[in-house]
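Everything in the sequence shown is counted per the UniProt record's numbering, starting at 1 for the first residue and increasing by one.
It should be emphasised that the hints constitute simulated quantities derived from the structure, not laboratory data. Quick caveat: nothing in here was measured; it's all calculated off a predicted structure. Only true hints are included.
List of simulated lysine to aspartate or glutamate pairs, EDC-like, C-alpha gap at most 20 Å:
1. K69 with E172
2. K232 with E172
3. K29 with D254
Pairwise CB distance ranges, derived in the manner of DEER restraints:
4. W54 with L264: 39 to 49 Å
5. H33 with F121: 45 to 55 Å
6. V36 with L258: 17 to 27 Å
7. A257 with L194: 29 to 39 Å
8. V53 with L152: 33 to 43 Å
9. G59 with W265: 51 to 61 Å
10. A12 with V71: 26 to 36 Å
11. G59 with P145: 50 to 60 Å
12. A127 with V262: 24 to 34 Å
13. F192 with P67: 12 to 22 Å
Here a beta-carbon is modelled for each residue, glycine too, at the ideal position from N, C-alpha and C.
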Amino acid sequence: MFELETRQQSIALMVLCPISLALMGYAVKTSHHLPVAQVLLARFGISALIYTVWLGIRGFEFRAIRPLKHVLRTALGFCSVACLFGSISKIPLSTALCLSYTVPIFSYVISVCLGQVKADFRFLYVAGAVVAIAMIVQPSADISPFGALLGLASAFFGAMALFEIKRISHSEGTDAILVMYFVYATLALLLFSLFSNDTSGLGDSLAASAPQLLGVGLFGLLYQFSLVGALKHVPVATVSLALLAAIAIGYGIDIMALGAQVSLWALLGTVLLAACIGAYSRASRT
1 MFELETRQQS
11 IALMVLCPIS
21 LALMGYAVKT
31 SHHLPVAQVL
41 LARFGISALI
51 YTVWLGIRGF
61 EFRAIRPLKH
71 VLRTALGFCS
81 VACLFGSISK
91 IPLSTALCLS
101 YTVPIFSYVI
111 SVCLGQVKAD
121 FRFLYVAGAV
131 VAIAMIVQPS
141 ADISPFGALL
151 GLASAFFGAM
161 ALFEIKRISH
171 SEGTDAILVM
181 YFVYATLALL
191 LFSLFSNDTS
201 GLGDSLAASA
211 PQLLGVGLFG
221 LLYQFSLVGA
231 LKHVPVATVS
241 LALLAAIAIG
251 YGIDIMALGA
261 QVSLWALLGT
271 VLLAACIGAY
281 SRASRT
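Given the sequences, and given the hints that come with them, work out the whole structure.
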């Protein structure tokens, strides 16, 4: 969509990532009365429509896209989401989310294995950030091993998806990466909707919840744009850690917009999370 070259722009994208992710989460929460498949369809379908129209207006050369290069990225993203939903169905929501937020640990370990970063004290900041997330979401200890495994699998596939975005960004532009992800995901969800058993009220429910679903699509588009743009200039381990700020932002939204109770543990976790992200960022620049 735009050329992003300066350090200031990279920082702006890093800040925009968790903000747009948290706002998308809020839009999803206000659409909780809809089936998950419909919300996901809006998430990808609206983004695909808006971005495709925008690229058409700009005269983008769609023939220059190499579709096969984007299949793995889409598959990894879908596996992450599917495992997360499976985990949520097996164990308490807070525990499933906490396990899925271990993406930075997987990203850091993979980065070390690939030689992209050195194994050093920064791992303590990553571990501290995960502890902070546990303090915020306060997971339950009553879990099934399979549900916990699905939660960790969601984090693993999520980390792999970040590396795949980073890899294909060297040969494919931001526009191609985004539009193909949206299109592939939309087509897959449309096929799922066609073969599902509950499609009778699809049109009416989508029309009644249009504002919320539009928010899901718009904030989802903004999140993906900022994520792909940031990964072009910033290491995967740093981006994955910065994304955890969305949890603290989401906690603030819960309090201000949804009437959630203020928790001392959650506040302490938010402070610890901010400290760990800041310390990791400073250590990575030195």
